[in-house]
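K.L.:
In case you want the letters, here they are:
2 protein chains.
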Amino acid sequence: MTHAELQNLIDRSLFADLGYIGGDGRPAIRRVFCVWHRGPGRHLISTNTSSRHVKLLSEHPEACLYFADSETFEGVCLTGRAVPTRDRALRELLWNNGDEKYYPLGVDDPDYCVIEFTADAAEYYRYDGKGALDAEALTRLSAGKAWENGYARHNGSNSSK
Amino acid sequence: MTHAELQNLIDRSLFADLGYIGGDGRPAIRRVFCVWHRGPGRHLISTNTSSRHVKLLSEHPEACLYFADSETFEGVCLTGRAVPTRDRALRELLWNNGDEKYYPLGVDDPDYCVIEFTADAAEYYRYDGKGALDAEALTRLSAGKAWENGYARHNGSNSSK
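If you read the sequences in order, they're chains A and B. Take my numbering: the final residue in the first sequence is number 161, and no numbers are missing along the way. Take my numbering: the final residue in the second sequence is number 161, and no numbers are missing along the way.
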């Protein structure tokens with residue numbers, strides 16, 4: 001699996017699975033909408049500030065983010081830190097028309113926040129083998145890249161979102 | 001979401017996401033084929049004995065198993081123990097014609113094993129709300145049930161597999 005094929009798996013995904021440590025200290029998973037990326041190692045997820053996983057990640061940011069395609073039998077597990085942020089530029093970037101139905105007060109709704117995930121390790125597999133990326137490789141693959149909606153790009157949308 | 005709707009989500013799934021503690025002590029995820037169930041809280045997964053997650057679970061069985069449907073926006077995260085076993089009856093139960101391509105020595109191939117997942121807690125969500133099940137409720141919902149291939153049942157197959 002080449003780096004381009006790995007990026008393609010990430011870009012064509014609408015969702016990823018966020019793995020974190022639950023309230024009982026045991027592993028927990030939540031499926032999240034995840035289409036904004038900077039290379040294979042950096043990802044943005046918009047969510048509710050009041051969500052339980054946001055509270056838990058604030059206390060324990062060590063997490064993983066898993067992109068997989070069951071039909072092609074390929075997947076990548078990124079390990080790193082998932083940090084909830086209220087950075088306004090990121091909130092604006094991820095805001096979509098219609099999000100008012102989730103966040104009635106708009107971009108500045110206190111319940112609207114973004115989780116910034118930064119990987120320092122990755123393990124990927126496909127039917128034809130597996131591989132790994134270390135922190136240095138992940139940093140290099142994200143270097144010089146701006147945040148991009150990979151799903152929109154993959155699907156040929158002209159919209160920036 | 002009723003208990004029947006929760007069971008339906010599990011039964012119609014071919015795959016689940018297994019969350020466990022990786023080699024670095026941080027959360028890790030792997031997508032697994034998971035169609036054998038006893039109610040919502042007990043599940044079987046066949047896998048390679050030599051897999052890294054089998055080794056890690058042998059040392060640290062605390063894990064979660066996540067069934068989700070992105071299209072209907074529903075999911076359930078089961079928390080409990082994932083225990084690799086070489087129990088022959090379970091290996092026979094999960095064996096399918098053609099598995100020789102993965103395990104050339106057949107049911108007794110030393111690389112063929114089964115992970116038995118037993119939940120003691122569950123959290124589920126759907127667009128219309130969320131809920132939880134405790135260990136007592138999970139035990140009650142599995143009581144008197146035999147192992148069943150929920151996917152085959154859901155899809156109306158006459159095969160026991």
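In short, the hints are calculated from the structure, not lab data. Note that CB positions come from ideal geometry on N, CA and C, so glycine has one too. Certain hints may be false.
[What the hints assert, rightly or not] Partial list, computed: chain B residues near chain A (C-beta under 8 angstroms):
id, residue
1, Phe-15
2, Gly-22
3, Ala-68
4, Ala-89
5, Leu-90
6, Leu-93
[Claimed, not checked] Using C-beta positions, here's what the derived DEER-type ranges look like:
id, chain 1, residue 1, chain 2, residue 2, range
7, B, Thr-72, A, Asn-155, 18 to 26 angstroms
8, B, His-3, A, Gly-23, 18 to 26 angstroms
9, A, Leu-14, B, Phe-33, 20 to 28 angstroms
K.L.:
Now, for every hint given, state plainly whether the structure supports it.
P.N.:
Hints versus structure:
1. For Phe-15 (chain B), the interface hint holds, the least distance from its beta-carbon to any beta-carbon of chain A being 5 angstroms, beneath 8 angstroms.
2. The interface hint given for Gly-22 (chain B) holds, since its Cβ lies 7 angstroms from the closest Cβ of chain A, which is under the 8 angstroms cut-off.
3. Because the smallest distance between the Cβ of Ala-68 (chain B) and any Cβ of chain A comes to about 5 angstroms, under 8 angstroms, the interface hint for this residue holds.
4. Given the 8 angstroms rule on beta carbons, the hint for Ala-89 (chain B) is violated: about 28 angstroms separates it from the nearest Cβ of chain A.
5. Interface restraint check: Leu-90 (chain B) against chain A, minimum CB-CB distance 23 angstroms, threshold 8 angstroms, status violated.
6. Look at Leu-93 (chain B): its Cβ only gets to about 22 angstroms from chain A, farther than 8 angstroms, so that hint breaks.
7. For the pair Thr-72 (chain B) and Asn-155 (chain A), the supplied restraint of 18 to 26 angstroms holds, since their beta-carbon distance comes to about 21 angstroms.
8. Between His-3 (chain B) and Gly-23 (chain A) the CB atoms are about 23 angstroms apart, so this pair conforms to the stated range of 18 to 26 angstroms.
9. One distance hint, 20 to 28 angstroms for the beta-carbon pair Leu-14 (chain A) and Phe-33 (chain B), holds here, with the actual separation near 22 angstroms.
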